[in-house]
Each structure stands twice: as structure tokens, then as C-alpha cells.
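Enquirer: Knowing the structure of chain A, use the given hints to seat chain B on it.
Sequence order for the protein chains is A and B. All residue numbers for the first sequence refer to this note's numbering, where the first residue is 1 and numbers rise by one. All residue numbers for the second sequence refer to this note's numbering, where the first residue is 1 and numbers rise by one.
Worth flagging that the hints you see were computed from the coordinates, not collected in a lab. You can take every hint at face value.
To give an idea of the chain A side of the interface with chain B (calculated C-beta under 10 Å), a few residues:
no.	residue
1	Gln76
2	Lys82
3	Lys83
4	Leu128
5	Leu133
6	Met135
7	Lys136
8	Pro180
9	Tyr181
The list that follows gives simulated cross-link-like pairs (lysine-lysine, BS3-like), each with its CA atoms no further than 27 Å apart:
no.	chain 1	residue 1	chain 2	residue 2
10	A	Lys75	A	Lys110
11	B	Lys6	B	Lys73
12	B	Lys6	B	Lys74
13	A	Lys75	B	Lys73
14	A	Lys83	B	Lys74
15	B	Lys73	A	Lys83
Backbone N, C-alpha and C define an ideal beta-carbon position, used for all residues, glycine too.
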Amino acid sequence: MDKGWLLGGKVCLVTGTSRGIGQEIAERFAKAGGFVYAGARREGSLEDWAASVNASAAGKVSPIYFDMTDTAAVKQAIVQIKKEQGMLEVLVNNAGVVHNGALGMVPMEKVREMFEVNVFGLLELSQLVVTRLMMKQKRGSIVNIASIVGVEGSRGQVAYSASKGAVVALTKSMAQELAPYQIRVNAVAPGMVDTGRLQVEIREEYRDNVPPIGMGRLGSTGDIADACLYFASDMASYTTGQVMVVGGGYDTQSRALYNIRYQ
Amino acid sequence: MDNLDKYRQCFCDVFSLGADFDIDAAEMGGTPDWDSVGHMELVTEMEDRFDILFETEDILRFTSYVKGIEILKKYGIEM
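With the rest of the complex left out, here is chain A:
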């Protein structure tokens, strides 16, 4: 499918693009014609990747470095975008932290860290983007990266699933609040996606047993990026407050059995 101009000229910000899903989203958005600010924490870490994307993309990737938990740095990033572009049409809140652990095994310090990035950081960035840019321009699309476990729960992921459940709830509330300003807010909830992190998890926690997924394969980062592209583009211009599970038919019951058997 030619997705060349789905985001033609739209200014986007994607957080957490140093690898995996975030990097794929930024790349795909640039290929769809978007001008994409790619957010990451480590200064200089995205330059080589951005140059290689920019060599062939219809749009452009422009790295922007800030820590989601540093209020001053987040503000600075928004001021920079405001000065350079004067607008922002798409925000993808992808940056996130994962710590797995059963109820009695997850330290509160890790719980706080997850909520700090996955929920508070997302909320603060959205606040700034909405009030300083999107409300004024009276248009915009926010895509929050949730998780299938935030919708359905998951044994062994109590705190992480709670943080993603919060993302689902705030997606729905933000959508209701911002619809009058023509700002859409949706979430993509990935299932098991084939990233480096998941490969380690499957090897170490599930002894190389691949989870039972209806479609017979792990999801790819591209599967998630395509869902984000849909929500970001004008193809979803009348869609808001929705949570799209992209899980290849990975159902709760078979996952529970899998967890009991292999964990």
C-alpha cells in the first residue's frame, strides 16, 4: 500500500524513538511525508539513524533530546518546536518503562518509576502540547501507546498493567475534553511485539516458548506503527477516544494458560 502522503507536511512529535516501536513509528511517519521530531533521552544518539531515514523518506526526521521526567527539559522541547514550526499536529506518546513482577515481587521504587514516565510524563507533555499548540490551532491528533495488558490485565505484570490502564483511562477522558477543539485522542494497545526486549523475556522467563497467538506469529514494530499512522492521519478524522488492540488474536485465556505453564 502506498502510504507516501498520509501525513504530507504534518508536524509530528514521537517520544521514545531510540529503538523498537518508537523508532519504527517515527520512520514510518517520515516515509508518509511527516516532519517528525524524534524524541530520545541521550544527546546525539539518533543522528546516524535520522540521516539514513532522511536519505530516502518523503518527509524528515529531526532528533530532539529530552528526558520525559524532567519538566524543564520537556518545556524546552515544546518551546523549540513552537519556535521552529509554530504548530504541532501529531503527538505520539510512546516513551515508556517496563518492569515485570508479580504483586509481591515488584518494588515500589520500580512502580513509581513506571508511573513517572508512563503516566505523569505522558500527561505533562500532553498538557503542554495541547494548551500551547493544539488548542490554538484547533486541530491535532494524539496517539498514546498503551498495551494489551492495560486493557485485559496480566499475571506477573501488576504494576506495568496498572500504568497502561491509566493510559487507557486518560486517553478516553482527554478525547472527551478535547473533541470540541477538533483534537483527537486515541490509543494503540500492542500485544506481543517482536522487539529485543521481548526476545530476552521469552528466553529468560518463558524458556524459549513463544506465546500462543491466534495469527501464529509475534507482532512486528511495523504492525504497531501502521495503527499509529492510521490514528495520526486524516483517515481517522472522525475517530476519537478509541483503544485499538493490535495483538494478532492473542486472547486472555490462552495467555493465562501459557503464563501458568511456563513462568
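Expert: Same frame as chain A, but now just chain B:
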């Protein structure tokens, strides 16, 4: 145009106030169009003109023309 004039101009432009309007007495909820939506428009207009970014607490505290002057001073704007 000095900073006070710039500040007053923000009110005139955002709320389309006439020359006879008493800006010094402007208050949120009591001035035409200064509702929650108008408030954010006024805040962003001021941020653009003075090249600052308000703290959330200051956005909430900014409920009148007079309070706005105090807040701008806090950001180092001479009034």
C-alpha cells in the same frame, strides 16, 4: 511599545476589547470572552509576546489584569 503596553495589547487582541474598555479592572469570568478557553488563548499570546512559558500554578493564579502584572514580573519582565 513598552512591556505594559504589550501586556495591555494582549487583552485587546485576544478579547477584541474596544478603546473604552477598562482593562485595569479586567477579571476572569467578568470580562467578555475571558472564560477557560479565552484564558488559554490569553496565556499563549502572552507567552509568545514575552518569550516565556508559564508554570501551571501561574496559569491558575492568573485571574485578573493586576495578577497578570505580578506574574510577568516573576518571569523577569519589567513592568
